[in-house]
Amino acid sequence: MNDQTILHIKNLEISLKTGHKILNGVDLAIRPGRVLGVIGESGAGKSMLGSAIAATLPRGLAISRGSIDFDGLTLTDMNAKTRRDLLGRDIGFIPQEPMSALNPSLTIGHQICHHLARIGLRTAQSREDRAVELFSEVGLDRPRDLLKSYPHQLSGGMLQRVLIAMAFASHPRLVIADEPTTALDVTIQQKVVELIARMRETHNTSVLFITHDLQLAAEVCDDVAVLYAGRIVETGAARRIIEAPMHPYSRCLNLATPNLSGPKARLMILPGTMPSPLERTVMTGCEFAPRCPLAETRCHSSRPALEEIVAGHHSACHWPERSGMIAPPATSAEQVVPTLGSAMILQAKGLGKAYRQHDWLGRVRRVEALRELNFEVREGEFVGIVGESGSGKSSLTKMIVGLEDVTSGTLEVVGMDRATTPRERFFDKVQLVFQDPQSALNPRRTIGSLVTQALEARDSQPSAAERKDMVAALLAKVMLPPDVAGRFSDQLSGGQKQRVNIARALCSNPRLLIADEIVSGLDVSVQAQILELLRELRNEVGFSLLLISHDLAVVRHVCDRTLVMCKGEIVEQGPVEEVFANPQHPYTRQLVAAALGPVVVGR
Amino acid sequence: MMRKKFRLPDLGLVIGGSLVGLVLICGVFAPWIAPYHPNDQELLYILAPPVWADGGSAAHLFGTDSLGRDTLSRMIYGARTAMTVAAVASLGAMLLGAFFAHLAGYFGGWVDWIISRTVEVWLSFPPVVLSMLLITGLGIGIDKVILAIVLVDWTRFCRVLRSEVQVARGQDYVAFARLIGFSHLRVIMKEILPATLPMLITLLSLQMGISVVVEAILSFVAMGVPSDVPAWGQMIADARIDMYGAPWGLALPIAAIFVTVLSFNLFGDGLRRTLDPRHAANRGT
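The listed protein sequences derive, respectively, from chains P and G. In terms of the working numbering, the first sequence is residues 1 to 603. In terms of the working numbering, the second sequence is residues 1001 to 1285.
No wet-lab data here; the hints were simulated from the structure. Please read all numbers here as calculations on a predicted model, not as lab measurements. Just so you know, not all the hints are guaranteed correct.
In silico DSS-like links for lysine-lysine, alpha-carbon gap of 27 Å or less [stated by the list, open to error]: (1) P:K349 to P:K398; (2) P:K349 to P:K264; (3) P:K477 to P:K349; (4) P:K398 to G:K1144; (5) G:K1190 to P:K429; (6) P:K264 to P:K477; (7) P:K10 to P:K21; (8) P:K429 to P:K398; (9) G:K1144 to P:K468.
Okay, chain P solo, but in the shape it has when bound (with noise of 0.2 Å):
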C-alpha cells in the first residue's frame, strides 16, 4: 500500500472488558476517491469499524490495541475534541436507518442548516442556499420546499438522500456508509448506490462501504475487504474478489447467494455458526476452520496470515489457490420438480380490499389497499409475490389467514370460501410463517413446546410421550438436532429460530403455507439454509407455499411461478424464469433491472 492514503487503519484490536476480542489485526487503507466495501455477516465485527472511527463503541468495548490514521492525524490520540471537530467536517456519516437518523420534531432545514452552521456557513442565507444547491445535487426536487417539511412528511428513500446530502456538505475527505440500503427498497437502494457513486466522483471523496451483500458491493466498490469473525480473511479488487476469491470464505458466501440469472444453482450451506468472541479466544487455528470444506488438520492447529497472493490481492488461507475448488452441491438426479396436482390451493377472484379510515372529524374515506386481484395457487406449487412496501402484500397474507375480512371479491382457501366457512376449518390447513422469530416464538415456551402447539388447541391431547416424539420428527424435518427441545429461544441463533418458526406451522400439516419475508432479516449463509431447507421440504412433505419477498433472486431461487404486485394490483403473473428473464410490465422490468445491478456505475 503506497503512503498516499486517507484512511489508514493499522492492526486494529477491539476488545471487550473481559479481554475477549471482537475486532483482531485489522489492516485497512483506503487511498483518495476510491470505495472500500466492508463485508461480513453480522457477528464479523463490521459495524465496530466505523464506530471506531466515530468514536461511538458501545459501552463495554474499547480499542486495546492498534491506531486509526485519518489524513495524517491519529485519531485514536486525539482529544476528544478535535477528533469531534473532525466528524462531521471532514468525515462524514450516511447511517442505516434514515428515518431514525432525523430528529421527527424538527424541520429538514432546521436540521441541515444547523450541521451547516457546524462546518462554518455563517449567515442564514448562505446556509439556505448551500442546502437547496445540495438538494438539487443528489436529485431532490423542489429543494426550497423541503427545508420546510418535517421527516415524517418524506419517504426513506427521500430521507437517505437529504442524508447523503448532509455527509457531503462539507467536502469530506472520508465518508462512511453503514449499510445505507438495506433499510430501503430496491429500487429506491438502486438511485442511492447511484446517488453515492456520483458524489464520490464529484466531490473526489473516499468511501467505507459497510455492507453484508456481495452483489452491492460488486457494484459499488472499487476494493474490498472480507471480515470474518473479527479479522479480514481477504481483501482485494471487488471485481476479483466477487469473481475469483482466493478464500474458502468468501466463495462459499458467493454460491450461497441466490442470483437472478443464469443456471439456478442449489446453494452452498455452510455448516455450523461464526464462532463467537468467546470461542474465538481458545481457537488456535484458522477461524474459519470448522465450517471450511477445505479444512485440514493444519488449519485447526495454525491461523494462516493475510499474505499477498496476487498483486494487491491478499488471503489468509493455508491453500488460498484451493478455494476454486469448492463447488455447489450438486443439482442431484432427485431434484425433480413435484408434479403439480390438480386441486386449487388457494384461488382468488376479483379480490379487494379496502379500509376505511376515518379523520378527526369523524368523516370516513375508503383506502382501497387491494384491487382486483385474480390468482391461484395449486396444489404442491410454490409461489412467491414480490413488490415493494405498501404494494399490499402483507395485506393479502392477512387475508389468506383470516386476520382480515374480504372486502370485494372471492377467495377460496382450501377448496373453502374464507369469507363465509366459519374460522376453526381453516386452522389446520393454513399457516403463517412469520418475519421475524424473535417475535414470533414466546420466549417463555421451550423449543419443544413451541413446535406442537398447534396440538393444544385440539379437542384430543395427545399422551406425553406421543408429543415427544412428535417434537423429535418435527426438528428432525428442519434440520436441528433433537436436544434443542428443551431450550428457550433466547438460546437459539437466528436461523435456528427461523426453522423452528418453520417446524412450528409444519406441525398441523398444513396444505398452504404462507412465508411471509422470512429471510430478509437473515445472514447470506443463514438465508441459504433456510431456501435450501424450503426445496428439501417440498420433496418430503407436500404443501404449497406462497413466498413474500422482495428479493426477486429468492424467488427465482425456491419458487415455480412469481405474482407481482404494485399499488395493490398484480400486475404480472407467470413462470419465474418467464417473468424475470423476459418482464413484460414497467414495473417488473424496473424490479428486475434493480436487482441485476446496473451496468458498474462510476467506473
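Please arrange chain G on chain P, whose structure you already have, making use of the hints.
Positioned in the frame of chain P, the structure of chain G alone reads:
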C-alpha cells in the same frame, strides 16, 4: 451448552425481602412474640421511656403509651394489621386491575376506550379523599379498609398493565396462537399472562408498601380499624398529644411504617430487575 453462572443476587431484593419477611413473621406470630397483650394496661407505668433512655426498664423494652400499654407489643400486633391489609388489599387491587387491564389491552377498540376512560375519571379523584369517602359510607373495620384500598388502587394496576398487555398483544406469537385456533381466554392465559406476570408481581410488591401507608393514614384519622385493634397509624395518633414529653411513642411506629414501606419498595425494585426478561436473556447460549 448451558453453564450455571454464579451471579450476585440483587442487593435490594435481599435486604428488602428479609425485612419484609421479618415484619411478616411479626404479624403472623404476634401472640407468641409480643411480651404483653396489646390492650393490657398498666396504669402505674404510663408513658414509660424505652429501655435505652433514662428511666427505661427491661420490662417494657419500647416503653408504654399514655394508657400504660406496652409499645413493643402494640407495634408487633400493628404489624399484623398492616400486613393483613397490605396483602389482601394489594392482591384484590391486583386481581381487579389485572382483569380490566387484560381486557382493555387485549381487545382494544371500544372495550379499551371504556376501561381507559373509566380509569382516567377514577384517577382524577384524590386517592386519600376517595378512600375516606368510602370509609364514611362503609363504616370502619379491617375489611372496609381493604375494600376501600382495592376500589381506589386497582386503577394503578390497570394503567401500567394495559400497556404491557398491548406490547405482548403485538407480538407475532400471539397472532400465531390465534391462527392455530386458541380461544381468546386461552391466548390471554397461556401467551399474554406469562409475559405480564413479572410486571404484575413487581407492581404487587410496590402496592403493598402503598397499602401500608394508606392503612396508617386511615387509622390515624380514626377511619381505619376499630380502636381495640392495634394499628401503627392509631399509635401515632395516640402519641401525638404527648409528643414533647414522650417522643419515642411517636417515633417508633413512624419508624415501623418507614422501614416496612422502604423494604417493600426495595423488594419491588429488586424483583423488577431480577424478573426483567433482558436479564433472563443471559441464560447462556
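Hints, one by one, checked against the model:
1. With a CA separation close to 17 Å, the supplied pair P:K349 and P:K398 stays within the 27 Å bound.
2. Under the criterion of a C-alpha separation no larger than 27 Å, the hint pairing P:K349 with P:K264 is inconsistent with the structure, at around 32 Å.
3. With a CA separation close to 35 Å, the supplied pair P:K477 and P:K349 exceeds the 27 Å bound.
4. Taken as a hint, the P:K398 and G:K1144 pair is broken in the structure, with Cα atoms around 51 Å apart against an allowance of 27 Å.
5. Taking the CA atoms of G:K1190 and P:K429, the gap is near 23 Å; set against the 27 Å cutoff, the hint holds.
6. Between the alpha carbons of P:K264 and P:K477 the distance comes to roughly 24 Å, so the proposed pair stays at or under 27 Å and holds.
7. For the suggested pair P:K10 and P:K21, the alpha carbons sit about 16 Å apart, so the restraint of at most 27 Å is met.
8. Simply put, P:K429 and P:K398 have alpha-carbon atoms about 15 Å apart, close enough for the 27 Å limit, and the pair holds.
9. Under the criterion of a C-alpha separation no larger than 27 Å, the hint pairing G:K1144 with P:K468 is inconsistent with the structure, at around 52 Å.
In the structure shown, a violation is registered for the earlier hints numbered 2, 3, 4 and 9, in ascending order.
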